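Undergrad: Residues per chain are reported as follows:
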Amino acid sequence: MPELLPEETLREVVSLFVRLVEAAGALVIFAGAAVAFVRFLLVAVRRREEQGFVGVRLFLGRFLVLGLEFQLAGDVLRTAVAPSFGQIGQLAAIAAIRTALNFFLGKEIEREGRVVDAARPPAPGAAGGPGR
Amino acid sequence: MGEIVQAVVNLIVAAGVVAALAALPTAGPRTAVAVLLDFLLAAGLLRLSQAQTWAAIATAALTAVIRKIAVAGFSVPVRRSPPAAGARRD
Numbered sequence: 054m055p056e057l058l059p060e061e062t063l064r065e066v067v068s069l070f071v072r073l074v075e076a077a078g079a080l081v082i083f084a085g086a087a088v089a090f091v092r093f094l095l096v097a098v099r100r101r102e103e104q105g106f107v108g109v110r111l112f113l114g115r116f117l118v119l120g121l122e123f124q125l126a127g128d129v130l131r132t133a134v135a136p137s138f139g140q141i142g143q144l145a146a147i148a149a150i151r152t153a154l155n156f157f158l159g160k161e162i163e164r165e166g167r168v169v170d171a172a173r174p175p176a177p178g179a180a181g182g183p184g185r
Numbered sequence: 003m004g005e006i007v008q009a010v011v012n013l014i015v016a017a018g019v020v021a022a023l024a025a026l027p028t029a030g031p032r033t034a035v036a037v038l039l040d041f042l043l044a045a046g047l048l049r050l051s052q053a054q055t056w057a058a059i060a061t062a063a064l065t066a067v068i069r070k071i072a073v074a075g076f077s078v079p080v081r082r083s084p085p086a087a088g089a090r091r092d
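From first to last, the protein sequence lines stand for chains A and B.
Residues 54 to 185, numbered by the working numbering, are exactly what the first sequence covers, in order.
Residues 3 to 92, numbered by the working numbering, are exactly what the second sequence covers, in order.
Worth flagging that the hints you see were computed from the coordinates, not collected in a lab.
Here the structure is a predicted model, which means the values were calculated and not measured.
Some hints could be false.
Stated by the list, open to error - Beta-carbon label-pair distances, calculated as ranges:
#: 1; chain 1: B; residue 1: Ile68; chain 2: A; residue 2: Phe138; range: 23 to 31 angstroms
#: 2; chain 1: A; residue 1: Ala133; chain 2: B; residue 2: Val67; range: 27 to 35 angstroms
#: 3; chain 1: B; residue 1: Glu5; chain 2: A; residue 2: Val168; range: 14 to 22 angstroms
#: 4; chain 1: B; residue 1: Ala60; chain 2: A; residue 2: Leu58; range: 33 to 41 angstroms
What the hints assert, rightly or not - Straight-line Cα separation of at most 25 angstroms, DMTMM-like style, residue types lysine to aspartate or glutamate; simulated pairs:
#: 5; chain 1: B; residue 1: Lys70; chain 2: A; residue 2: Glu103
#: 6; chain 1: B; residue 1: Lys70; chain 2: A; residue 2: Asp170
#: 7; chain 1: A; residue 1: Lys160; chain 2: A; residue 2: Glu122
#: 8; chain 1: B; residue 1: Lys70; chain 2: A; residue 2: Glu61
#: 9; chain 1: B; residue 1: Lys70; chain 2: A; residue 2: Glu165
#: 10; chain 1: B; residue 1: Lys70; chain 2: A; residue 2: Glu122
#: 11; chain 1: A; residue 1: Lys160; chain 2: A; residue 2: Asp128
#: 12; chain 1: A; residue 1: Lys160; chain 2: A; residue 2: Asp170
#: 13; chain 1: A; residue 1: Lys160; chain 2: A; residue 2: Glu103
#: 14; chain 1: B; residue 1: Lys70; chain 2: A; residue 2: Glu60
#: 15; chain 1: A; residue 1: Lys160; chain 2: A; residue 2: Glu102
Glycine included, each C-beta is placed from N, C-alpha and C at the ideal position.
Construct the entire structure; sequences and hints are all you get.
TA: Here it is in C-alpha cells:
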C-alpha cells in the first residue's frame, strides 16, 4: 500500500517552510536596520535632538521584535521534523534565547515609549479635558 | 546562504558604528552606545539563524547577555556625590 504522505516528503516540505519563514524574519530585521540607519542619519543632520534618536530606536526595536517572531515561528515549525535529541536540544536553546530577547526587547520598547510620551508636549485641547 | 548572511551581518555592524558616531555629538554617549547595541543585536539575531553548533549557540547567548548588561549599566542614573563639608563654592 502506497504511503499517503511519506516522511521524507513531509521533511522536505517543512524544511522549505522553515527556510521561507526564517528568510522573512531575516528580511524584516535587515529592512528595519537599513531604514533605521537612514533615519538615524536624518535625525543627526536635521533635528539634532535626543528624542529623535529614541524614536528611531523604538522603530528599530519594533522591527527586531517582528523579526524575532518570524524566527520563533520557524523554530516551532522545525520541531515538527527534529529527529534527534541533540537537534531538539539545540532548537530549545535557540528558541529560549530568542524568547528571552523578545521579552526584554518588548520591555525596553515599553519603557522607551513611556519616556517619549512623557517628553511629548500635550495636545492643545487636552489640557482642560477629563483624565482617563 | 551563509555567506550572504555574513555579509549582511557585517553591513549592519558597520551601519551601527556609523549611526552611533552620528548620535554621539547630539545625544551623548549613553544614547550612542544604545544605538550601537541595537544594531549589534540585529546582527546577532541574524548570526543566530546560522548557528549550528553548541559553541555557536552559547556564543550568541553570551553575547546577548553581555549586551543587555551593558545597556542596563548605561540606563542606571549617575548619582553625584554631595559636596564635602566645608567646601567653598565660588
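Undergrad: Could you tell me which of the hints above the structure violates, numbers in ascending order?
TA: 3, 8, 14
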